[in-house]
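The primary structure of each chain is shown beneath.
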Amino acid sequence: MNPVNYLYLAALLFTIGATGVLIRRNAIVVFMCIELMLNACNLAFVAFSRMHGNLDGQIIAFFTMVVAAAEVVVGLAIIVSLFRSRHSASVDDASLMKL
Amino acid sequence: MENLIALLIAAPLLGAAVLLVGGRRLDAVGHWLGTLLAATSFVIGLVLFADLLGKDAEDRTLTQHLFSWIPVEGFQADVAFQLDQLSMTFVLLITGVGSLIHLYSIGYMEHDERRRRFFGYLNLFLAAMLLLVLADNYLLLYVGWEGVGLASYLLIGFWQHKPSAATAAKKAFLVNRVGDMGLSIAIMLMFTTFGTFAFGPLLGTHEEPGLAGGASEATLNGIALMLLLAACGKSAQVPLQSWLGDAMEGPTPVSALIHAATMVTAGVYLIVRSAAIFNLAPDAQLVVTIVGAVTLLFGAIVGCAKDDIKKALAGSTMSQIGYMVLAAGLGPIGYVFAIMHLVTHGFFKAGLFLGAGSVMHGMNDEVDMRKYGGLRKYMPVTFITFGLGYLAIIGFPGLSGFFSKDKIIEAAFAKGGTEGWILGGCALLGAAITAYYMTRVMLMTFFGEERWKNQPTRSPQAPSAEPAAAYGGDAAAGHGAAATAEPHPHESPKSMTIPMIVLAFGSVFAGGFFSIGDRFLHWLEPVTGHSHGDSPVSALTVTLATMVVLVIGVAVAYAQYGRRPVPVVAPRGSLLTRAARRDLLQDDFNHVVLVRGGEHLTRSLVYVDHTLVDGVVNGTAASVGGLSGRMRKLQNGYARSYAVSMFGGVAILIAATLLMRAV
Amino acid sequence: MSAQLAAYSTSTGEAFQFWVLGTVAVIGALCTVFMKRAVHSALCLAGTMIVLAVFYLANGAYFLGVVQIVVYTGAIMMLFLFVVMLVGVTAADSLTETIKGQRWLALVCGLGFGILLVAGIGNASLTEFGGLTEANAGGNVEGLAALIFTKYVFAFEITGALLITAAVGAMVLTHRERTERAMTQREMSEQRVREGVHLPPLPAPGVYARHNAVDIAGLLPDGTPSELTVSKTLRERGQIRDVSTEALNDLKALEQRAEDRLERTPIEPPTFKRAEEASK
Amino acid sequence: MSFPLLTATAALPAIGAIATAAVPAARRNAAKALALFFSLATLVLAIVILVRFDPDGDRYQLTESRSWIAEFGVRYELGVDGIAVALIALTALLIPFIILAGWHDADPLETGNKRWRPTQGFFALILAVEAMVIISFEATDVFLFYIFFEAMLIPMYFLIGGFGDRAHEHGEETAATQRSYAAVKFLLYNLAGGLIMLAAVIGLYVVAGNFSLTEIAEARANGSLDMATNTERWLFLGFFFAFAVKAPLWPLHTWLPNAMGESTTPVAVLITAVVDKVGTFAMLRFCLQLFPEASKWATPAILVLAVISIIYGALLAVGQRDIKRLVAYASISHFGFIIMGIFAMTSQGQSGATLYMVNHGISTAALMLVAGFLISRRGSRLIADYGGVQKVAPVLAGTFLIGGLATLSLPGLAPFVSEFLVLAGTFSRYPVIGIIATFGIVLAALYTLVLYQRTMTGPVKPEVAAMPDLRARELLVVAPLIVVLIFLGVYPKPVTDIVDPAVKQTLSDVHKKDPQPEVEAAK
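Protein sequences, first through last, are from chains A, B, C and D. For the first sequence, my numbering gives the first residue as 1, with consecutive numbering after it. For the second sequence, my numbering gives the first residue as 1001, with consecutive numbering after it. For the third sequence, my numbering gives the first residue as 2001, with consecutive numbering after it. For the fourth sequence, my numbering gives the first residue as 3001, with consecutive numbering after it.
Accuracy of the hints is not assured; some may be wrong.
Said to hold, decoys possible - The list that follows gives simulated cross-link-like pairs (lysine to aspartate or glutamate, EDC-like), each with its CA atoms no further than 20 Å apart:
1) B/K1055 / B/D1518
2) D/K3493 / B/E1073
3) D/K3512 / B/E1073
4) B/K1633 / C/E2097
Bear in mind the hints are in silico, worked out from the structure with no lab data behind them.
Bound conformation, chain A alone (with noise of 0.2 Å):
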């Protein structure tokens, strides 16, 4: 089979992922959905990497996952924080943005 598959499969993870952001109120799950779009990223860029011929995909893919760590880090404790604050980990919660 063509590894070319492997950027179909990303592709797809990532629409589902996005979808997802876009559905889901909770926090936490919108969270986990921006890691499958991570997620989804690495696996293209491994594939890519696998084809070129070289590693630098998978560089790319190792520092997408240090950021991914280090976000999520961060955004955790925003949710929590949040969480305190407002006794919910609804995102439309926090809809200070409008006029």
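With the hints as your guide, set chains B, C and D onto chain A.
Below, chains B, C and D without anything else, positioned relative to chain A:
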């Protein structure tokens, strides 16, 4: 000698400035100062007159160039004066009659606390009028033209506390303004056609013609008609005559000076002065004669119906000026006689008005002739002077009116052709009616039983909300306390009678003096030129005819008002009478068409401006606001919906890139 | 898994693996999105990630595969679960959409996006295909290390800085400095008196003797549970166990048994249900 | 490099504005005195310009030129021709009177208010406007002009929105709302015009490559710079629109009545007598010089609009019930005359128009300020609230009448000269237009006399019975203006001598000759 001309104007102008700016500290001497300066002007006029007589007839023209007024590329207007026989005649009339009326006003206005201002206005008028007749170009003449308009506005509305007076003043100014529009258009036409509007180059002199000859007849007709419009406004000719009657709201001396003797004749001056143009515009001339004829009948008819003595005289003024305009329209045949009648009319009409003023002065400012009667033994001087004026105006043989009017009627016939007959007929008819209404005035005022006895008179002029006794003269509130008491007719003080006597002399002898040996004709001919038309009827016939109609008129009047007692309350009268009382409905026409229509027009325009013009702007603003309000809804503050739009955007971007790569 | 796996390009085995595990991954992703309870989502996500790890390995990214397992499934997912616990395991958020049109828009966008992506990949010319054999010749980890410390060293340093920042940030965000002195008991009581609410101490949970667990709300005289009696945290997690109906149901059972004994016609005992249980 | 006279003339009021604003709140009267002093000093400088200016010399004199924004060829170029000199003199002459007339308009409502600062702001803003107006008269660089043409709006906005009549017949609340409405309307109108002009300015730069009026006009004249017909027309329209808004030309006029009605009378005078003149001035200087062909192309339409303005403004003035709005509409009618004179493209018309700008400034100032004194006494702007004032306050009535007569351009007063020149100039090329416009003088008489009759004559209304006559300060404001009116009416030569050469050059820019009289004078 030329330099005196400026002084002629300067004297009254100085008076006006001093009296109006001077303030109350001049109240004591103001009237004397004003009179003195008017007299000064008269004296200077006499000196210049003597100087002119010294020269020989051809070069009796003095000019004085003061300074360049409006120097603009291709547009030259100077402040320069030209004194020729025509101007001289007017100067003497204006300053002479003017000084007399100043004198008269001293007595007449002495109860008025604002007498100083009154004299200031009078001086202002003199200055403007002199400027009008002395100007050597039309634009400067225009200044004087509007100047007299302003003065008349101020003087008609002198008793501003009376709404009627204020309205009359405004009306006079507005109607005049319509005429002025004509004058300014005429000047513009001259400027466009000839590049100048100075008398010298434009009209030329009797030996070498001016530029006017060079223009097409259509243009000249246009100019002439516009000048005629101006003349109609100033001289209260149909269709712009409506203001003169109301102008009688002003103090009587004003009516005498401005609205009888001088200002209203400015139109005639304008036409005669522009003779060179009119002579080349026969159509316009015909219109002039028509206007004159119509007005002389119109005024006469109105004069017959009025019970207000001043309004009756105003009607007669209108019709007499109609005579002048008619004569002026006849061209070289008539110019001289127009001016001659103007001068004599200046004398006797002024005298008549002063007499009327004197009567009112003695009758608690009562102006309704039906409440007069039998006053001759109470006011002998007034009676005699008024009577002489009366005889003069109806054209009693030997008195000045006789000569001047007779000449005009002759000239009208001399026009020749059908229109000659028609015009002459109108003139004759006018003479008859004149005799009628003047006799009526005479009889109602000085003869018959004393209708004012044991019935208090009340001035028809609406008493104002002012504290009484604040005003004198014929202000209703003037004799506030006495206003409802039975009047005590008495002769007026010297300062009032003397001018009346002098004017009476003028109205008796002026005509004869002018006509014997055609003095006046020779005096004016160099300016206006003269030609004897070919009259189909001999002068004698005309004179006889005039006499006949005169007798008829007097007889009818006597039959109506001398034999029978005059009812104190006016009878309903015939349709014509009622119409005439309302100025032949001409005012009603103005009111309905112009005033009402104008009000509606402006009101609707205000609405349009607010809703339409402004509405468009505000509408745009509102629509933009509404749109943005709707756009704001998109900003709901939910991060997720922002994310959706972002996601959609990304999708679109990808689509775009793919498409780019596809093509 | 060893070097020769990467050696050959694609074997039927890999194809088999791809299709099976790919399906699993997609299902996991979908579950992540559509599971009601955060906990379930997290678990599904973990599953997906593990599958992905396997794919990494299959693609010759051994190091990444391991890291994926360790870091993601090990650390990050644990972090997630920890937070989920903090917020409430059993709290199930309803999937009913509150923003008008949001769901449809999302689906449309997602669909369009996916189609576009697939289309993009489809018409991208990805025919040439060199394996990682020589790249991994010196060992995958060594290869990565060589790159990281030479070509990408700068980025690497920066990620280090990033991580530190993240750590500090997390601490700052979560750590609450106590700004004011803790209230003494007296002050608390005085405050209660001042506010005039709950003058007496809050009622204790679990009134009827049978249930005295902390997560059971005490019943008010009319039999309705008073949430006040359960501790705040549980309340916010939505972990209150409701036994208000149990007593009544037991009573019913008792009466019925009595009926049976007295041979009376049995009457169907209505079972009391609470509103949200009905909705579940 | 001689002494930069023009810069100094513009800078002095600016400095004055800053100084006035800096005066501490308590020293209110000091601020007023300071502002008056600076305005008078500016007047002195303006007179110096008047003296130094040689009518028969170069077209632009006292020129200054420094590099400013080299990248876009924007230069700091100043220079005055006769027209600009006349208008600078007008501005510098009017501002002291405006300040004097507004002496108490910005005082705190309750006396002894120590922290009240708006007084300083009021006078500072007036001086700021003066500075900007003067420099926009002086600027010969299009961009420089544009900047100040727009910047003028800022102080004007605050003057209109921030200060209003003390006594308002509808109470302070409505007054405030109407005021802010008027201010915003003024700002939006002029900004819209300005933005369209900005586009045109940029377009001009694209076409011409620099902003220097002198150079572009030069190039246009000697044909070295030729624009495509359409380009020129579009640019012309861009400029003209802005100027037509500023000098309200029907149908862009509706902001003026609101602005004049709601602001204090000194500010109203400032708007109509000074600021609006920039619009007409700019038509004469920029539209005609930069786009001669387009100007000729647009002339018929503009003349028609101008005539509409004349008649329409006059008719609406007749219909007004509010004194200040009446004067505003009268001004619209007069601006119609000015624009008509400019685009009649005859030397009489344009000299008349320039003269008209000066005279209209003075006459409107006289009328409006007296009206302001009247309003401040009675506390109402409605004509119906007055009556018989002439009896109780004769001097006030007299000055009011003279102002009115000037407005209806009575011969002997300054406006007559200019109005007749405009009419004659227009008539000689467009007789019909000229005749229609002549009706304006009848309507002018109508609204002026109706206003005078309703307010001043008739029985004395009890409300006005106790009205005091003009005070010394007010007389000091009005009397000089009246003197100037009479003097210029009798002897306008000084002004025409300055203006005429400049007008000749403008006409030569548009390649127009005066129509020759049909019958040539026999020399």
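These are the hints, each one checked on the structure:
Annotation: proposed proximity of B/K1055 to B/D1518 holds, straight-line Cα distance about 19 Å (limit 20 Å). Between D/K3493 and B/E1073 the CA atoms are separated by roughly 12 Å; this keeps the pair inside 20 Å, and the hint holds. A hinted pair counts as satisfied when its Cα atoms are at most 20 Å apart, and D/K3512 with B/E1073 qualifies at roughly 13 Å. Only pairs whose Cα atoms come within 20 Å are accepted, and B/K1633 paired with C/E2097 is accepted, the gap being roughly 18 Å.
Every hint from the earlier list agrees with this structure, and none is contradicted.
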